[in-house]
Amino acid sequence: MPEEFEPKIVAFFCNWCTYLAADLAGTSRIRYAPNAEVVRVMCSGRIDVQFILKAFAKGADGVLIGGCHPGDCHYQEGNYKALRRYRLVQRLLRQMGIEEERLRLEWISAAEGDRVRVVINEMVETLKRLGPLRKAEGERAADLVEVA
Amino acid sequence: MPTTTRRITIDPVTRLEGHGKIEILLNEDGAVDRAYFQVPELRGFEKFAQGRPATSMPQITSRICGVCPTAHHMASTKALDDLYRVAPPPAARKIREMVYSAFLVEDHTLHFYFLGGPDFVVGPKAPKAERNILGVIAKVGVETGRKVIEIRRKLRDAISLAAGKAVHPVFGVPGGVSKPLTQEDAAQFRQAAAEALEFAKFTLGVFEKLVLGNREYVDLIRSDLFTHRTYYMGMVDEQNRVNFYDGALRVAAPDGHEWARFDPREYATYVAEHAEPWSYMKFCHLKAVGWGGFQEGAESGVYCVAPLARLNAADGMATPAAQEAYLQFFGALGGKPVHHTLANHWARVIELLYAAERLKELADDPEITDPNVRVLPEEAPREGIGVVEAPRGTLIHHYQSDARGLITKANLIVATQNNAARISMGVEKAARGLVSAAHADEGLLNMVEMAFRAYDPCLGCATHSLPGSMPLLVVVRDRDGTVLSSLRRDGDGGIHRS
Amino acid sequence: MKPKVAFYWCASCGGCEEAVLDLAEAVLDVAAAVDIVFWPVALDFKEADVAGMDDGAIAISFVNGAVRTSHQLEMARLLRRKSKLVVAFGACAQLGGIPGLANLTTASGVLDEVYRDMAVPLREIREDGATLTLPELFDAVFALDRAIPVDYYVPGCPPSPKVVADAFQALLRDPPPEPGTVLAPNQAMCDECPRRDRRPEDVKLARFYGVEERAIDPADCILAQGFPCLGPATRAGCGARCIKGNMPCTGCFGPTSAVRDYGAKALCSIASIVSGNEVEEIDGTLDGIADPVGTFYRYSLPASFLGGQAGNLPHGRQ
Amino acid sequence: MPDREVRIGVYTCHCGTNIAATVDVRAVAEFAAALPHVVLSREYKYMCSEPGQDLIRQDIRDHNLNRIVVASCSPHLHEHTFRTALKVGGLNPYYFHMVNIREQVSWVHTDRAQATKKAKYLVRAAVRRVGLHEPLERGRVAIHPDVLVVGGGIAGIHAALTLANAGKHVFLVEKEPTIGGHMARFDKTFPTLDCAACILTPKMSAVRAHPNITLWTYAEVTKVDGYVGNYKATVLRHPRYVDEDLCSGCLQCLEACVYKQAKVPDDFNLGLSKRRPIYIPFPQAVPQVPVVDPETCIQFKSGKCKTTCIEACGERHAINLQAESKVEQIEVGTVILATGFQTFDAARTPYYGYGRYPNVYTALEVERLVNASGPTGGEVVMRDGRKPQTVGIVHCVGSRDENTHRWCSRVCCMYSLKLAHLIKEHTGAEIFNFYIDIRTPGKGFEEFYQKLLNEHVHFIRGRVAEVTDWVFDASEEGKLVIRVEDTLAGFVRRIPVDMVVLATGLEPRADAAEVRRLFNISCGGEGFFLERHPKLAPVNTFTDGIFLAGCCQGPKDIPDTVAQAGAAAAEAMALIDAGYVETEPNTAHVDEAVCCGCKTCNSMCPYHAISLVEEIRKSRVNEALCKGCGTCVAACPSGAIRQNLFEDEEIFEEIEGILSNA
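Protein chains in written order, with our numbering: chain A, 99 to 246; chain B, 924 to 1421; chain C, -14 to 303; chain D, 164 to 825.
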């Protein structure tokens, strides 16, 4: 039995809420799993579905989107755009055989430092249960592209 | 240079993707023991159709073949009518058949002048460098050459007006077509139809002059080498006349009498498929008769489709000029049914004439511009079957869907599958008659090739290849597989010995 | 001396060859401008002739069709060796094309489906003392540039005659276009859509329709009518053929140069104009897109980030 | 990607031991050194320190670096610091990316190996991304010199006056008919016991009189648009039915009211007294103008009133019962929120009997009782008319309590001591304080506590279990019994008293959430408005140009409130006097070569910053209006819109940097 599978999570956090919550978790010295690495965006509305699929293609086992609670968007409604894209991309991933638990959208306000801990720890547990997501792009391309 | 079987089978150059491939095995005496016609490709449209909306099938399945996309588009669209239990209004039905007729004219033209034709127009033993469209043009004259190109362009432009695109049309929807035909569009169709009819008559003339006028060719057509006594299937209208767009399927027995006449929806009770481990192609045969191997005669379920089969299965043509040519055809070849494979070329030109006449009838029909071209479905989709006569023969699309209209099962029987068994037999017979350890030369190869090119076998439908100059490998081996000689004709028609 | 040009097809339907023939009279001009050394569909030259050429002897090879079998890969590599430039011609070569939808399943999945209760063909079988073989089906369909380096792309299923003609012009020009260029306009199709001015400022969709549910108005913006028209996400050059046929754009020309994953971007954009802020309302609307992969990746699954069979679940689960 | 060769310098910060204790900083620096385009990788104790910044400036020159990555704390803390360092070093400040390995790595992880690995990957992501950065210029937005102050309590009053005295025009908006807030209800203020009115009312009249202050009482802000320097606010002014300009404040109308007896509970006195339908909240109210309460005025109810008030007003015609609410539109450059607090509702702790036993009072009620201008004229008489002989003051009601509020309200200990002193002074009663801890961290606070001890006020340490009238013996007859565990004596005691005072805590106003959304700022977990940084930006919010003062940010006493109000005013002035504010350049822009004019983006923008330019049939972004959220960028179907600092390619690189070992 090799060492335990450590899932990789790419987390896209809104600058005004979830990213601040993650900072708050830090200043509050709240401990959580080190499996998630954060990409800061100004608003969850900036998160292009391309980013999500790219992350999965490059080996992420899970992708986490953190935005402001409904009605609280720093830019009024970017988080609703994020929600709509999330609901549709989930359907796409299902068709491609990717479990919906691998993509998670959470509303986490600047005040909810502990929520960051709860969500990331939960997600790590879930992903350990699901196991690694097979890399699609990398492996397949390697089959064919000639090494020049 | 002797090589081992193994090395030949891995030789990439002989494995032309999507091309038919022939392997001939000899017995101790150096005579042909067995010959195989292999189809080494498969795309699995049936599989990835699953989960797609049925309404996307007309556009998705047209990608099975870019040469006869309109045939797949039409069969698929008719399958949607059936799936949603909705009948298109008269104008929509007429627009569909008009577009389909225009397509048949340009497609049969393509085969006669670009692909199959050269063998006759230029000649089976003519130098390979001339056996192509340029050779044809040289023979029939540059003006005719330009005319061929021009008429195809005009027909395809007209098709685009109604269908959006000539390659991969988009206008087929359940219960009709995506838009009505404008007066201007109709005018352009009438113009093209008139020219097409003239051109069709001209082409029949060319055939009579260059082929029927040539004793050698006629003997070749009638020679036993290219003759098989099998069943024939084709679509017919109420009066049992040839129809490409709609009607009943009719099967003629080897002796010519009507063996069956049925609603295409019941195809599954009449037609069965058989798989051979050495080909990706499935071999169709008549269920009731059964699969008796690659055999001729009433006891073998082997049948075929395509122009000759359609004429054999029908009692006549629905348009005057074509009907006249029809009678002349059977008169000249000794009555129904005609079993000579190479007669397909003649039958094709007769169909070309019919399609042009039908095209004109429909283009002249005032109802063609009626704005009512759509009936919206009301019933939940479940199962649908759509059948048309593709240029290369009967084409069947069969879908099952869930309540949302997503495909749960698709079965596609393409024209060439119907012919697969007879093509294999034709190849083996020709090979037996022509090939021996002693000699296997270029003319021989082209003649073996003619045995299946006559069907205009659209392996684009069964594989990915374009029809026409079929690549062909003849490997002459002794019993233990050692190669005595090997001649290869590539997709380009060139020959080389290894 | 005229530049040597080759045409070849891999896993394609032949529509791209037709697209060249659809240059009609112009075919002869092209033929006059170049020296066609290989074009199986029309002319009598052999692969052996290609193999016999010096490396780089061919100026441009136009390859259409995707790569699905071992033999197609060999041919692609041969032409790459012999050619200075390789042009991926048509949607299949550029993006994988419609046969690329097979990437939602595997080769064995395809075989099982097609040969339900019959003997599945073997790659190799001994018959009467000889070994007959069939080429290997890869588990997935690949866009041409996943198999060999590609210099230029001509988009479309099939490419429109205009795009084909312009592409020939561009390639014969000096200096040639930037390597990697897609030889078609770099705006989205709306740019040439006859209905572009009919699109309202603020399109908000509360419901998506299928063609079986509603007739498409022949004058208004098709997307605004609730049909997922991908014109805004799709490269122009087709002349809005499908729109003129009164049907939605399905994206055969692929993305502009500013987008990496066509389907992801198209999906992202369409989702952005769905109305509603409540999950229930949003989901209700999205139910109208029953087949996201088939809708957004109809021509580009093999060229997408995930390629199709990305996950561990049984594929194509609805 | 600029043509110039990319030369990246990476700086990994120890932050003392804050980072170094959990992350192997050297390993991270060595890892970075090996990354492509990295020509220099250093570690340093405190990158944000002057020497640290100097290191960067020096290296830019010596090694002609053209990209900088700093791995230290949150960009929210020091991104600006380092960008400035780049600028001074002669590099465009946006050739920079910051990696957060403190708040989001060292402080939240324990496993050194894993934390170090995560830090490495984050650094690699930054290195890959920064190579694509383009030079950017900050935009400038002019600051409108006027200021909106919301809330007329001591915080709002002080902030308004400070600004007005500096010559800035202030709009002061107060919900109530008078300014003054909670402080106006107090009698004395701790620990100095100087009279609240004496120090507050002069400031109140100063506000009224100040030429630079536009005072709108009985008014609410209903809508706020715009951004720092250019806010547009809509203010709804409720009709008080007495014209402020015409009224002289003679108050004859009150006397003239047909109600000879006041019948309506007076909310300024917390219902401890009654008022008429036309009233003035309290004698020193500002403005000194009565209000008509349409709920209770007969004319409004029946239309059959003799309207003697109008007669009384006579010539001035100040009273207009047909008056309607007014909507004011104002433009300001900055906003100070001083919306205050509300006291904890004692009914939420039923075991203390508030509302059940008439002689249980809240502290604020007692403030009114001991107030000379209060309902009882300063006499401490209970609802039953008796004067209390024994009084129990229960501390921490709705504070430091799992079941209500966890936080300490900071003022209760001191005001409880103050009330104990005042009640004793007024009644000579025996007084018991029930406390958990006595907290006196303030100038003169502890001394005040000592003073109370010397005044023989009892202090019993323990959280009160209940207040009951269920008596055990004659000694408890007719009294309220306070049951408490005396944690010093170590046993449960029953203390019979006449009067119970509940020292209720401070909590966010009920409408705090609405106000927060209105001004687009954040709330902390407890519901008070969230400051940008607890130490370095205590009066700033995350929305530029909006500042906080007083208890809306958290419980505090008057001195702290006033200090904070002054600070908020100073912050506003700093912006106003600068004349402009620099805006982040992370805005969106359209690549017109790609745009097809499909208009998808136009509807995405909440600020209407994108519109179609008809002539060229392409969309264009008004960068002055663009806030840089990037929603349009993700929505653009053809990738024609791009966002500075958040280009697709930059984010793709970041993703690959994070995952290239995956």
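Treat the hints as calculated values from the structure; they're not laboratory data. Note that this is a predicted model, so its numbers are computed, not measured. No residue lacks a Cβ here, since even glycine has one placed at the ideal position from N, Cα and C. Be careful, since some hints might not be right.
If you want a taste of the chain C side facing chain A, the calculated C-beta under 7 Å gives, among others [what the hints assert, rightly or not]: (1) Leu63; (2) Phe193; (3) Tyr194; (4) Gln210; (5) Lys250; (6) Leu252; (7) Ala256; (8) Ser257; (9) Val259; (10) Leu291.
Comparing the hints with the structure gives:
1. Interface restraint check: Leu63(C) against chain A, minimum CB-CB distance 12 Å, threshold 7 Å, status violated.
2. The beta carbon of Phe193(C) comes no nearer than 11 Å to any beta carbon in chain A, farther than 7 Å, and the hint placing it at the interface is violated.
3. Interface restraint check: Tyr194(C) against chain A, minimum CB-CB distance 16 Å, threshold 7 Å, status violated.
4. Here the hint on Gln210(C) is broken, as its CB sits about 19 Å from the closest CB of chain A, past 7 Å.
5. Given the 7 Å rule on beta carbons, the hint for Lys250(C) holds: about 6 Å separates it from the nearest Cβ of chain A.
6. This hint holds: Leu252(C) has a C-beta 5 Å from the nearest C-beta of chain A, less than the 7 Å allowed.
7. Interface hint at Ala256(C): satisfied, since its Cβ lies 4 Å from the closest Cβ of chain A, which is below the 7 Å cut-off.
8. Proximity of Ser257(C) to chain A holds as hinted, the smallest CB-CB distance being about 5 Å (cut-off 7 Å).
9. Taking 7 Å as the C-beta cut-off, the interface hint given for Val259(C) holds, the closest approach to chain A being about 5 Å.
10. Hint status for Leu291(C) relative to chain A: holds, with the closest Cβ pair at about 5 Å, below 7 Å.
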